Amino acid sequence: MYDLLTGPGLKLSIGICLIGLIIRGVLYIKGLHWQLDRVAYTAHLKAGIRGALRSIFFWILPFGARGWRTQPLMTVLFFGFHIGAVCIPLFLAAHTMILQKALGISFASLNQTVADVMSWGVVVSAFFLALRRLVLPEVRILSGPYDYLILFLSAAPFITGLLCRYEIGDYSFFLLIHILLGEILLISIPFTRLSHILLFFLSRAQLGMDFGIKRGGMKGKGLNW
Amino acid sequence: MPEGTLCNRQPIQTDEALKTLLSDTGGRQYYQEMQSLPVDTPLLWETIQKTCRSRIRTWLSMCARCGMCADSCFLYRINDRDPKQVPAYKIQSTLGEILRRKGRVDNAFMQMAMETAWAKCTCCNRCGLYCPHGIDMGVMFGYLRGLLYQQGFVPWELKIGAGMHRVYHAQMDVTDADFTETFAWMVEENEEDYPGLAVPVDKVGADIMYTVNAREVKHYPEDLAEAAILFHLAGENWTVPSRGWEQTSLAMFAGDWEACKIQVESVYDAMERLKPKRMVGTECGHAHRATVVEGPYWAGRKDGLPPVESIHYVEWLAEALRTGKLKINPEKRIKEPVTLQDSCNYVRNHGLKEITREIMSYIVEPGYFIDMSPNREHNYCCGGGGGFNGIGLYRKQRNKALITKRDQILSTGAKLVIAPCHNCWDAIRDLEEEYRIGIRWSFLKPLILKMVEIPEHLKPEE
Amino acid sequence: MFKKILFATSATEACDHAARVAFDMARRYHAHIDVFHVLGVPTRGYSQVVVDLTTGDEVTLDDNYRDLVKEEIRSYYDHQIQTTDDFAITVTIGHPHREILRIARAEKPDIIVMGGSTGASGSYAHKKAATGSTFQRVAKAAHFPVLVINRPAASFWGGFSNVVFATDFSDAADHAFAFAFKLVKELNCEFHLFHALDITCFQTDNFHTQDTIDDQIRNAIAQIRFRYVSKMGDFKPYAMEVWEGIPFVEIVKYAREKQADLIIMAYNTRQTDDPEASIGSVAEQVILRANCPVISINRSVGKE
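Protein chains in written order, with our numbering: chain Y, 1 to 225; chain E, 1 to 462; chain C, 1 to 304.
Misleading hints may appear alongside valid ones.
Said to hold, decoys possible - Derived DEER-like restraints, expressed as beta-carbon distance ranges:
| id | chain 1 | residue 1 | chain 2 | residue 2 | range |
| --- | --- | --- | --- | --- | --- |
| 1 | E | Glu434 | Y | Leu45 | 30 to 36 Å |
| 2 | Y | Pro137 | E | Arg28 | 54 to 60 Å |
| 3 | Y | Phe57 | E | Val201 | 45 to 51 Å |
Unchecked claim - Okay, derived cross-link-like pairs now, DSBU-like style, lysine-lysine, Cα gap no bigger than 30 Å in a straight line:
| id | chain 1 | residue 1 | chain 2 | residue 2 |
| --- | --- | --- | --- | --- |
| 4 | E | Lys19 | Y | Lys219 |
| 5 | C | Lys253 | C | Lys231 |
| 6 | C | Lys231 | E | Lys459 |
| 7 | Y | Lys219 | E | Lys102 |
| 8 | Y | Lys30 | E | Lys102 |
| 9 | E | Lys400 | Y | Lys219 |
| 10 | E | Lys325 | Y | Lys219 |
| 11 | C | Lys108 | E | Lys459 |
| 12 | C | Lys4 | C | Lys70 |
| 13 | E | Lys203 | E | Lys332 |
| 14 | E | Lys203 | Y | Lys219 |
| 15 | E | Lys459 | Y | Lys219 |
| 16 | E | Lys19 | C | Lys70 |
| 17 | Y | Lys46 | E | Lys335 |
| 18 | E | Lys302 | Y | Lys46 |
| 19 | E | Lys102 | E | Lys203 |
| 20 | Y | Lys30 | E | Lys50 |
| 21 | Y | Lys221 | E | Lys327 |
| 22 | E | Lys102 | Y | Lys221 |
| 23 | Y | Lys46 | E | Lys261 |
| 24 | Y | Lys221 | E | Lys277 |
| 25 | Y | Lys219 | E | Lys396 |
| 26 | E | Lys261 | Y | Lys30 |
| 27 | E | Lys19 | Y | Lys221 |
| 28 | Y | Lys30 | E | Lys302 |
| 29 | E | Lys277 | Y | Lys46 |
No lab work stands behind these hints: they were computed from the structure.
As the structure is a computational prediction, the values presented were derived from the model and not from experiment.
Glycine residues also receive a C-beta, built at the ideal position from the N, C-alpha and C atoms.
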């Protein structure tokens, strides 16, 4: 079972995830329309790229955008969640081993303490993000079962991962569950809002181009995000 | 159910239809008819299929529902943080819902969407700066307005406004003859004080083609006079077109994209005809947005630019002051606390944030200019943008919306507010009327005229 | 001389004295009288809403409302209207000074008659936005004589017979003279040419002796002869005088002494944008104090 999941299962889920994301990305870009979006994407490519990069840069930098600075608590939760969510699957020592075995790619692996902090960061942030959804009226009104499901889907592999890490309960059972949940997560990425793994960059780039080309990017220093 | 005689899906095309709709005081019958206006759901869905592409669809589906946009919206803040005013909620419960239901929505839904699109959003685009995913809900509300307009669910005043553009190529019933005639009148009134003052009409190849807001022609011709005098004093080689002089677009507020195209093409035709080096528009925000920022796309110009370089009045003024074409008498600079309104339409949406401050540095005695907080591209809407000012049905909501700006002004302590935008100017005027905080407000032109030095050779003989 | 009178009115008490003069003139000179009223200022952006200048209420403008206001004006001036059959009532919306100038330009009246300040009614924000009164703005720009009545015109009995022309020797005063002379000739009036020598400006330099002042008075008389009398041909019933003092006080005193029923003078300010300066203008002080009508002229009259 373990071999099935870490062998063909892993390849399949990574394949679905990557191919799905590529399709999503291509469809997104193909669906852009200079006149309907009212952004002359290709006519001013240089200004567009500059705007796109600025737009992405200030928003992946913690406290880089005014939006992050005005809501510091959310910013801590956001980055607490996302840094771990991106780094752990790729760089945890156990993961790099499996990846090397299954796909033949090898990444440098994380120091165990750092990995622990990151993992806990994901789980704790996920808990508070869920709490935030329940408590703040302006978020509660936007939240439905789907939002909790997505949050659960992304946090579950980390929770089970930690159970394995500290060998709580039946190790081999939780390991299987952990791998299964991880692969479900991978497969669901292109089909759910989790596609923002890619679309975040494309959407930010799009708005960056909008501001960079049309809405003032070619007048003065550009938007102060 | 048939469509109403006044409230229907047909745009206003004739003067007669315009007058009929106008004579329906306050839109009483119009809104009555709206109660039973059927929704053409196949048309709605077909339009969405054709025009709603990956950008908006992705925005709607990828929204993380994180609520970070809430605090960016002045309408949310001012309405006691009502969760129903959260931008993401507003767009998801209207446009998002229409997409999810594949256009199958009913009359009540459309009326709710109309109120949301015109009374709960001024399309100031501030939320777009606060969404981690880069989702600009203002853009989506602009799109939603188009869908609503097509179905006939549009506030009465904006149906009229869009009709005005179709019939008169101007936002009010001002004809081309009225326009040139009013300018001629203003020259008459001022030529004794400014010898040689003239308004060249349809001069080919001038350095500047000047375009205006029809309200100036109708109600504030002084504004035309001031513009003419300042060009005259600056020694500009300028002209006005006898056709295509109206820079504004209520059609944009209404979501009447066809009328937007008609309107902006009339201005571009004038540019092609007169071949000026540049176009300068008056002190108006949405006019600039319509003609310079969005207009090229309505007209199908692939480079996204108007036929000739087009600038806002503040850009011309800053340049004239910088290069010494206009000289300010330092004695007459403003010596009282003064603040500046950043218009969303050309500051957040066209980057003209430093240039107005450069003007302040020339006309305000150092130490007297106080910025609002927040400011520049993070400034709040005046409270009357996007057509909000003029819609009788949403008067109450609009008056409440003014509180944000009122409090921003109050905390600067300034008694004079410079608002180089018609909509902002109106909103600030209305907020003084509504809340009496003891401020004055002004466009730039009259202020400059009071402090500008008149070159010797242009002075009247004594 | 007065075939067409434009009476711009707020249709309130503030314009009652002006109404009496306007209708008396119309009757006396068989003139057509246009009763012109600006009922509201546009507000609310591009909407159809106006603020009624009389009540201060926001109203949505339509034909009914227009007719209603017209009817109110007709009944307000009921007894005066009965004395003339050549009149029209026009109501419109807009900023009062602008609309008065607009209709004047279209109708080319021989004279615009206005009341004094309209007091405290009307739109608050409109008043704040408008620097200077409606009169100031009309007087500054109009190519027409503007007759203003602020106080009961005690010495006015229906026609003009005794006219004071007060000059400050400005260009605008030349325009005022041209009009005044035409008027006195056509209406057979006595004509008093007057200049007030401003001695307030001597205060900083009190070494001016009475001799200096007398010199200046002699100069002023010579100027009156040169600038005006020389253009009057064989017109006889005139007198001229120069007094020293504070100009507006002297003008009012002189008019009272001569029992003038009309003062004609230049409005003469280019700076109505600054309310402080223009309120201090001589013409406005005279208007506030004179007990006869005052015609102010700022530009050449009847210029196309």
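Structure-based check of all given hints:
no. : hint                             : in the structure
1   : Glu434(E) / Leu45(Y): 30 to 36 Å : violated (47 Å)
2   : Pro137(Y) / Arg28(E): 54 to 60 Å : violated (37 Å)
3   : Phe57(Y) / Val201(E): 45 to 51 Å : holds (49 Å)
4   : Lys19(E) / Lys219(Y)             : violated (42 Å)
5   : Lys253(C) / Lys231(C)            : holds (27 Å)
6   : Lys231(C) / Lys459(E)            : holds (28 Å)
7   : Lys219(Y) / Lys102(E)            : violated (40 Å)
8   : Lys30(Y) / Lys102(E)             : holds (22 Å)
9   : Lys400(E) / Lys219(Y)            : violated (34 Å)
10  : Lys325(E) / Lys219(Y)            : holds (22 Å)
11  : Lys108(C) / Lys459(E)            : holds (29 Å)
12  : Lys4(C) / Lys70(C)               : holds (20 Å)
13  : Lys203(E) / Lys332(E)            : violated (35 Å)
14  : Lys203(E) / Lys219(Y)            : holds (29 Å)
15  : Lys459(E) / Lys219(Y)            : violated (36 Å)
16  : Lys19(E) / Lys70(C)              : holds (21 Å)
17  : Lys46(Y) / Lys335(E)             : violated (44 Å)
18  : Lys302(E) / Lys46(Y)             : holds (16 Å)
19  : Lys102(E) / Lys203(E)            : violated (52 Å)
20  : Lys30(Y) / Lys50(E)              : holds (14 Å)
21  : Lys221(Y) / Lys327(E)            : holds (27 Å)
22  : Lys102(E) / Lys221(Y)            : violated (42 Å)
23  : Lys46(Y) / Lys261(E)             : holds (28 Å)
24  : Lys221(Y) / Lys277(E)            : holds (25 Å)
25  : Lys219(Y) / Lys396(E)            : violated (37 Å)
26  : Lys261(E) / Lys30(Y)             : holds (25 Å)
27  : Lys19(E) / Lys221(Y)             : violated (47 Å)
28  : Lys30(Y) / Lys302(E)             : holds (17 Å)
29  : Lys277(E) / Lys46(Y)             : holds (25 Å)
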